[in-house]
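Asks: From first to last, the protein sequence lines are chains A and B.
No gaps in the numbering here: position 140 of the first sequence is 140 in our numbering, and each next residue is one more.
No gaps in the numbering here: position 185 of the second sequence is 628 in our numbering, and each next residue is one more.
Calculated from the structure, these hints are not laboratory results.
Hints should not be assumed to be uniformly reliable.
Said to hold, decoys possible - Within a straight-line C-alpha distance of at most 30 Å, the following computed DSS-like cross-link-like pairs (lysine-lysine) qualify: (1) K608/B <-> K183/A; (2) K340/A <-> K373/A; (3) K97/A <-> K658/B; (4) K511/B <-> K135/A; (5) K183/A <-> K636/B; (6) K503/B <-> K17/A; (7) K502/B <-> K248/A; (8) K148/A <-> K511/B; (9) K69/A <-> K658/B; (10) K183/A <-> K503/B; (11) K142/A <-> K608/B; (12) K511/B <-> K183/A.
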Amino acid sequence: MSRKVLLNNISVPGIEKYDVYRANGGYRSVEKALKMTPDAIVEEVKKSGLRGRGGAGFPTGMKWSFIDKKTTNPHYLVCNADESEPGTFKDRYLMEKLPHLLIEGMIVSSFALDAHVSYIYIRGELLYVYHILEKAIAEAYKAGWLGKNIMGTGYDLELYVHPGGGAYICGEETGLIESLEGKRGNPRMKPPFPAIQGLWMCPTVVNNVETLAAVVPVMNMGGEEYAKIGVGKSTGTKLISACGHINKPGVYEIELGLPVEEFLNSDQYCGGVKNGKKLKAVVAGGSSVPILPAELFLKTAKGEPRLMSYESLADGGFVTGTMLGSGGFIVMDESVSVVKNLWNFTRFYHHESCGQCSPCREGTGWMEKVLHKILDGHGKMSDIDLLWDIQTKIDGRTICPLGDAAAWPVASAIRHFRKDFEEYVQNPQGIKEVSYLGELAEA
Amino acid sequence: LKKRLIPINYSIFDCLAFNNPKEPIFALNFKSPLITDHCKLITDMKFSEDALELISRIKKRYPEGKQKSAILPVLHIAQAEFGGWLSPETMDYVASVLNILPVEVYEVASFYSMFNLTPVGKCVIEVCRTGPCWLLGAEDIVNYLQNKLGIKVGEATADGMFTLKTVECLAACGTAPVIQMGETYLENMNIEKVDKMLSDCRTNIKEPISHWSKKHIKKEQA
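With these hints in hand, go ahead and build the complete structure from the sequences.
Replies: What follows is the structure, given as structure tokens:
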């Protein structure tokens, strides 16, 4: 269970340089892909069962097949490198260490989508990675993998990096497209989906960094072979960025289907909970996914051991399950106050709401204020129900999934940790003084 | 009444910039060329040659007529060139460079958290305050910095050296807590490292540092 297909060369010194990367088998997939037809590549990706690694887990091959082929407008491929989900730092690691892997995957994917101009939208805070990518792209141009008539096949591709300006909402694909057009990152109504009308109203596919990088092993080993890795419909490997109270935080490539207990406790991965403390809760896929208490995280409600896969983590729906999400694995030990942590996340969503939809703009602020009140020792029992009520009125009522992402952590925290909330309400004197990072409700 | 009429090509921020409350601030002009010509008249600011070269190359990355897309990179460069923040005048100038309306620049600059719309110190200390960093002690670091520098979050020190900001997740949760300064990530921070960071800044930093560092504006030229 430790097969690596993305990070297998990560420890080679100088792998971020073109020569070293090429000498270690880099750009083989481009050589192979340019001899195939675009449709055959899409078929291959469909066979691999590769699913979007950004959070939603939508099958990549299917997403590609939606692109409008009848139009005369140009097609665009945009790489979503606006990684800002709290707990997730896998894309930053991948781009910093293996910039050519992303470029290689983008060339193959652009060819499959008949795109001649592609962009990497990287979040503004990662400007140093922007310069790493610029350098790598310049090397790829020089070696003839980008530009006009790539490797004599007659295929042209221009690849550019575009920096963002610091906004979580630009990780949503239509928000990202708006931002790339030089506007505020307000998500668009769907339909029309970006595959029909995206960037500058042309057919566009937006894929996560890791998804595009995973196209490289899919091409190298063939779709069927790739589909043998993993378990069931969760094929391939996934980068998990582990953080919080664990002994070995970092980015790990796992084969999907690895038991969560092994991932958490094995020295090969997280190395167990820090300082020998007890595990309290885990957020398995970035701050947006439901939080699970230790018992439900390690074993499903049916008593089966949970696996790191899309299906197993979602077992039990939102009542007793969670999601694999973006792979941001946040571990909390027994010392953590779930309520305080929830307040922190809710403040984050309030800060990052773009303000288009009232349920999200107002609701996130209300939830933040109610949680603040409870933490301050002025909470009532009815406030817990009020919180529940607010989150039900955000969930599913907004243009983009940011509203849902703000509601799910609140719902799951109340569902699994209602006692913690009640303790705050019943013993206001017992609360250690809370200090707040930044002022309440800046907006 | 005639005296209070102002030329039609004044933008809303011109009146604010001149700080003349007697002048009406409703005279917005929607003809971009007039405004951009006008901006050239009132401003003597100009990007460095290197930056202009870089901007013209960035503009070419987008299809004909879509150069508005270059706004985010150009604002980053403007912030690096003009003192670490975006004054209304800077934003008007950026509008003229991209040939778009000033209001299109204001709305974008005010949306994204990396753009400072008020003057900042030479070093902007951006402490991540979201979930994982906070679990591992970002709170203590912010409190320590507030006491040590004698300022609150969002304020600048009197000597103009430091501005303290809290920011949302910086995608470095594995090395939490993390501080960003300019383009640099300072990871696994603790109180000793914060002290060292402050003293290093005091001795080494003479000019404002920003996210898009000046060395990249020069280097990319080559």
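Asks: Does K97/A pair with K658/B here, judged by a C-alpha cut-off of 30 Å?
Replies: holds (22 Å)
Asks: Is the Cα-Cα distance between K503/B and K17/A 30 Å or less?
Replies: holds (26 Å)
Asks: Would you check the hint for K340/A and K373/A, treating anything up to 30 Å between C-alpha atoms as holding?
Replies: holds (11 Å)
Asks: K142/A and K608/B were given as a pair; does the straight-line alpha-carbon distance stay at or below 30 Å?
Replies: Answer violated: K142/A to K608/B is near 41 Å, above 30 Å.
Asks: Between K183/A and K636/B, does the CA-CA distance stay at or below 30 Å?
Replies: Outside the cut-off at roughly 38 Å; violated.
Asks: Tell me if the straight-line CA distance from K502/B to K248/A falls inside 30 Å.
Replies: violated (43 Å)
Asks: Is K69/A within 30 Å of K658/B, Cα to Cα?
Replies: violated (43 Å)
Asks: Verify the proposed pairing of K148/A with K511/B, using a straight-line Cα cut of 30 Å.
Replies: Holds, at about 25 Å.
Asks: Would you check the hint for K608/B and K183/A, treating anything up to 30 Å between C-alpha atoms as holding?
Replies: holds (24 Å)
Asks: Straight-line Cα separation of K511/B and K183/A no greater than 30 Å?
Replies: holds (8 Å)
Asks: Taken at face value, is the distance from the CA of K503/B to the CA of K183/A at most 30 Å?
Replies: holds (18 Å)
Asks: Sort out whether K135/A lies within 30 Å of K511/B, counting only the CA atoms.
Replies: holds (24 Å)
Going through the hint list in order, the structure does not satisfy hints 5, 7, 9 and 11.
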